[in-house]
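Please build the complete structure, drawing on both the sequences and the hints.
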Amino acid sequence: MEFIRFCFDGVKEIFRGGKLYWSWMGVLAVVALFGASAYLQQLQQGLVVTGMSDQVSWGIYIASFTSLVGIAAAAIMLIIPAYIFHDMDIKEIVIPAEGLAIAACVMSMMFVLIDLGRPDRMWHLLPYIGRFNFPKSMLAWDVLVLNVYLFLTMIISVYLLFSKYKGKEPKFSIYFPLVILSIFSALSIHTVTAFLFSSNVARSFWHTGLLAPRFIASAFSAGPAFFLLTALVMRYTKVFPVKEIAIKRLTTIITIALEINLFLLLAEVFTEFYHQTEHSASAAYLFFGLGGKTALVPWIWSSVFLNISALVIFVLPLKKNTIFLALACLFLVVGVWIEKGMGLVVPGFIPTPLGEVYEYTPTFIEVQISMGVWAIGLMLYTILAKISIAVNLERIRLT
Amino acid sequence: MSEKNNPAKTVETPENSDVSRRELFKKTAIAGTIAAAGAVSTTIAASNVESGGLSDALDEFFQKHYQEMSKEEMQKAIARLERKAKEKHGKEIHIGNTPPLEGVLFGYALNISKCKGYRKCVDACVAENNQNRDTTIQYIRVLELENESMNFEEADHYYDRETVPHTGKKYFPIQCQQCENPPCVTACPVEATWKEADGITVIDYNWCIGCRYCAAACPYWARKFNWSEPSIPEEKINPETHYLSNRPRMRGVMEKCTFCLQRTRKGKLPACLEACPTGARVFGNILDPKSEIRYVLENKKVFRLKEELNTEPKFWYYSD
Amino acid sequence: MSTNKITFYSVRYAVAFCAIFFFAFSFSNSSLSIGQEVEEVVENKTETDAEEESEEEDEESDDEEEEDDEAMPWDDEDDEEIKVFKFPQSTEFLPNFPIFKVKYAGFPEFKIKGRLRSSEYFLCSECHDGVELKPRPIIRELRKEHTNINLDHIKQEHGTEKFWCTTCHDTSRPDYLVGLKKQSIHFDQSFLLCGQCHSQNQKDWLFGAHGKRTGNWNGERTILLCTECHSPHSPALEPASPNPPPPPRQGQILVKSVHPEGPRKTWDKFIYSKQH
Ligand code: SF4
Ligand code: SF4
Numbered sequence: 001m002e003f004i005r006f007c008f009d010g011v012k013e014i015f016r017g018g019k020l021y022w023s024w025m026g027v028l029a030v031v032a033l034f035g036a037s038a039y040l041q042q043l044q045q046g047l048v049v050t051g052m053s054d055q056v057s058w059g060i061y062i063a064s065f066t067s068l069v070g071i072a073a074a075a076i077m078l079i080i081p082a083y084i085f086h087d088m089d090i091k092e093i094v095i096p097a098e099g100l101a102i103a104a105c106v107m108s109m110m111f112v113l114i115d116l117g118r119p120d121r122m123w124h125l126l127p128y129i130g131r132f133n134f135p136k137s138m139l140a141w142d143v144l145v146l147n148v149y150l151f152l153t154m155i156i157s158v159y160l161l162f163s164k165y166k167g168k169e170p171k172f173s174i175y176f177p178l179v180i181l182s183i184f185s186a187l188s189i190h191t192v193t194a195f196l197f198s199s200n201v202a203r204s205f206w207h208t209g210l211l212a213p214r215f216i217a218s219a220f221s222a223g224p225a226f227f228l229l230t231a232l233v234m235r236y237t238k239v240f241p242v243k244e245i246a247i248k249r250l251t252t253i254i255t256i257a258l259e260i261n262l263f264l265l266l267a268e269v270f271t272e273f274y275h276q277t278e279h280s281a282s283a284a285y286l287f288f289g290l291g292g293k294t295a296l297v298p299w300i301w302s303s304v305f306l307n308i309s310a311l312v313i314f315v316l317p318l319k320k321n322t323i324f325l326a327l328a329c330l331f332l333v334v335g336v337w338i339e340k341g342m343g344l345v346v347p348g349f350i351p352t353p354l355g356e357v358y359e360y361t362p363t364f365i366e367v368q369i370s371m372g373v374w375a376i377g378l379m380l381y382t383i384l385a386k387i388s389i390a391v392n393l394e395r396i397r398l399t
Numbered sequence: 001m002s003e004k005n006n007p008a009k010t011v012e013t014p015e016n017s018d019v020s021r022r023e024l025f026k027k028t029a030i031a032g033t034i035a036a037a038g039a040v041s042t043t044i045a046a047s048n049v050e051s052g053g054l055s056d057a058l059d060e061f062f063q064k065h066y067q068e069m070s071k072e073e074m075q076k077a078i079a080r081l082e083r084k085a086k087e088k089h090g091k092e093i094h095i096g097n098t099p100p101l102e103g104v105l106f107g108y109a110l111n112i113s114k115c116k117g118y119r120k121c122v123d124a125c126v127a128e129n130n131q132n133r134d135t136t137i138q139y140i141r142v143l144e145l146e147n148e149s150m151n152f153e154e155a156d157h158y159y160d161r162e163t164v165p166h167t168g169k170k171y172f173p174i175q176c177q178q179c180e181n182p183p184c185v186t187a188c189p190v191e192a193t194w195k196e197a198d199g200i201t202v203i204d205y206n207w208c209i210g211c212r213y214c215a216a217a218c219p220y221w222a223r224k225f226n227w228s229e230p231s232i233p234e235e236k237i238n239p240e241t242h243y244l245s246n247r248p249r250m251r252g253v254m255e256k257c258t259f260c261l262q263r264t265r266k267g268k269l270p271a272c273l274e275a276c277p278t279g280a281r282v283f284g285n286i287l288d289p290k291s292e293i294r295y296v297l298e299n300k301k302v303f304r305l306k307e308e309l310n311t312e313p314k315f316w317y318y319s320d
Numbered sequence: 001m002s003t004n005k006i007t008f009y010s011v012r013y014a015v016a017f018c019a020i021f022f023f024a025f026s027f028s029n030s031s032l033s034i035g036q037e038v039e040e041v042v043e044n045k046t047e048t049d050a051e052e053e054s055e056e057e058d059e060e061s062d063d064e065e066e067e068d069d070e071a072m073p074w075d076d077e078d079d080e081e082i083k084v085f086k087f088p089q090s091t092e093f094l095p096n097f098p099i100f101k102v103k104y105a106g107f108p109e110f111k112i113k114g115r116l117r118s119s120e121y122f123l124c125s126e127c128h129d130g131v132e133l134k135p136r137p138i139i140r141e142l143r144k145e146h147t148n149i150n151l152d153h154i155k156q157e158h159g160t161e162k163f164w165c166t167t168c169h170d171t172s173r174p175d176y177l178v179g180l181k182k183q184s185i186h187f188d189q190s191f192l193l194c195g196q197c198h199s200q201n202q203k204d205w206l207f208g209a210h211g212k213r214t215g216n217w218n219g220e221r222t223i224l225l226c227t228e229c230h231s232p233h234s235p236a237l238e239p240a241s242p243n244p245p246p247p248p249r250q251g252q253i254l255v256k257s258v259h260p261e262g263p264r265k266t267w268d269k270f271i272y273s274k275q276h
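Protein chains in written order, with this note's numbering: chain A, 1 to 399; chain B, 1 to 320; chain C, 1 to 276.
Everything labelled a hint here was simulated from the structure, so no lab data went into it.
Values in this document were obtained by computation on a predicted structure and should not be read as measured data.
Among the hints, a few may not be true.
Claimed, not checked - Restraint ranges, calculated between C-beta atoms of paired labels, are given here:
(1) 136(B) / 292(A): 19 to 29 angstroms
(2) 17(A) / 136(B): 48 to 58 angstroms
(3) 253(C) / 147(B): 24 to 34 angstroms
(4) 149(B) / 178(A): 53 to 63 angstroms
(5) 267(C) / 275(A): 13 to 23 angstroms
(6) 195(B) / 11(A): 30 to 40 angstroms
(7) 303(B) / 178(A): 46 to 56 angstroms
(8) 289(A) / 199(C): 44 to 54 angstroms
Even glycine gets a Cβ: it sits at the ideal position worked out from N, Cα and C.
Put into structure tokens, the structure is as follows:
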């Protein structure tokens, strides 16, 4: 009964909002509709409307999926200090962060869905009803852990919010095991996504043990950066008074993860280029172009530039300035998105296993659909954040 | 569309009336899932508007995995697929279902010193296997390499000369290597692709969800995707097909070379071999010690591509 | 000798088709058995006359090779005229011939479709019947009907000094080939002849690593004879135009990859790096 009221209040909260809120949601809805119409076209004509080919058979969809999994996993960088080390400052913002994790999870699943050639056969993926190639296929693992993680995160955040709603302290014995589980599954979603790539012997660019650590490191910098960005926005728009100390904590986390990530990237680049073997052709294509084809070169160099400038801002006292901090976060999010998406998924296919250099550029429809997914994800995040803030500020509570 | 969202309707169709209780539960569960995902049903609707009745559409939607179908289900599925193929392509098409032969493991050998790069095999393959002519799917790629190099990155895939062979070049046809440890099979999340008893990796085109993970996993770039709805001029359709190989495909699924399963399981030679004007290709049963292929493997200087990847290809290259 | 060499190059192209129809008629009417033929030949053997122009018959001309693009000889469905020989056991078609002693035991049994092409041309004995024309074992330039024979096999590979028409063509029995030890060899057994020198290829062919099997991979093994692919007078395969290169997928543009830049041969790279 109480729970139903909680849900009811939550839904009511969604429809309460100022001009800013509604215009934000309106813009997102329009973008989402655009995306939906483009997706309809893709459904009707097939994936031929995308820029993908047999040579480069995954494009911007899987690229976005990969980086979003990272953002989803990053929530644990807040959960760990909040619930393992009982850091009160982080605890305040952990539920919006979980909202981000949920939204990112949903988005990444949507990206997989829109990438399918036969979305109508999705049910083949269901265990027992369909045929799930479970222990063998890394993609099957990924589907599984993503769902588990989504489920866990949802349970945890609903439980925590509900307790707060009732005005009670959440029971340690209930949430602690769940939190521990979710920490592991957060790690595993990103590790498994890395394995999804690194298990491919066919693609030497992905076939490296460093991929999983790199994924984790980049996720733990870009995820919190994304969240910090939204926290800064929340603070700026005065919807939620994020404390300075929480921001500082986040900055520390981001800086360390970013340093590790750049170090790992450096190690990778060194190994690829010291003896330029046949296997480093993809890296050569990515950084310098191959056979006069250079489509990805601007991408990766801008990513390098963005990452390094983010690092510079984070290590300098410059970060005390909110504008610079926001800028650094933005740089980082975009930089990592490119590094892990266009800079990892696409060059893995170029050159093909038969040495052909065939380039990939996303088509307009592809971009439109991706933006649509982002819009839906952001709407979801806004809603979740709004509810959690409302509960946190005790705007809605059991009376 | 709305009918499809209704699970009750599903089980009432006459085709499904004889299914067991478990089946019924299964289907209801699935239908429920669909109802939840509105976009999904849109797809079915979109893909079935052109092609006939609702019951066909439902049957196709619920068609089971090739390996799980019973004999009658198989017959029904094949009859429906043949009917639909006729509707679509305007030609009577026979979909066979010959099982693998006992004690046969297919192997292929190619003499690279004989191959002259004419690309006759490429076009014979397309004619035999009903590939989509719009997106021009080809299972065989012939690479032109420097005589003294084996670096594929320096290969020319698109050589277009007056005459071949060109001096100082060698030609290297590559198709599915029918790996004994196929990475594509381990990759597939729904087991839509598997290795048959005669060593041929096949795809159930009605089960593949089109995720293209197998294409990323294949080290030989053998898997080709149907980016658009396949279209083949009616007179170019090969009506003799097999469920697992050259039957008409649909958009959004993977396909690949099957060593012409429809021919080789009946004892015939693959189309690429028949078309090769230089006799560079040798095909046969590698379990038969008297076979030609075994002679080649045992007596020639033979090598395989990317053996270091532990894929155990059943496609060998040799030279005189 | 030397004049011969010079004139080879001048006299190359002439007409050789005048008797096609005549021959085709006679060949198609009767399911010709070699046995009958042999008798004829043997009869004619006694009467021998010297004549000016006498050469061995050529079974394939170069023109014919080019036609193969359209229809392969093994595409021919007209099986009635195809004589089938089984090796190694069957010799019933080949009376009076030395049975080839197979050096390489254990090769799988095979069948050969008889020389399909020969039906389009005429038998050597049509002209060289021993009465009017007799093959001459003299090395000289080819004339008349034989000028279009490309003798690369002799000139480029082996040399006229060691090798001449009559090395392989039987002067006494024009419709047969002759081995190095003067054994008569039927045209449908030409692999015996070729294998005298190309023994490795012959072995590969017998076991299936060379040549081409047709029809099926199991059961009866039918393979193509050497001369189905190689012109015996110029055995190297001619260069031909390839089928078109693969197009990109629909809606995409193909930009040919031209890589890598710079020299590609190892030695060129070496020289290049020295220069720069
Ligand atoms: S070559 Fe590629 S498609 Fe063929 S079996 Fe091996 S991995 Fe699979
Ligand atoms: S594309 Fe089809 S066959 Fe390939 S992995 Fe995906 S579902 Fe399996």
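Worksheet item: Any hints this thing doesn't respect? Which numbers, in order?
Response: Those not satisfied come down to hint 6.
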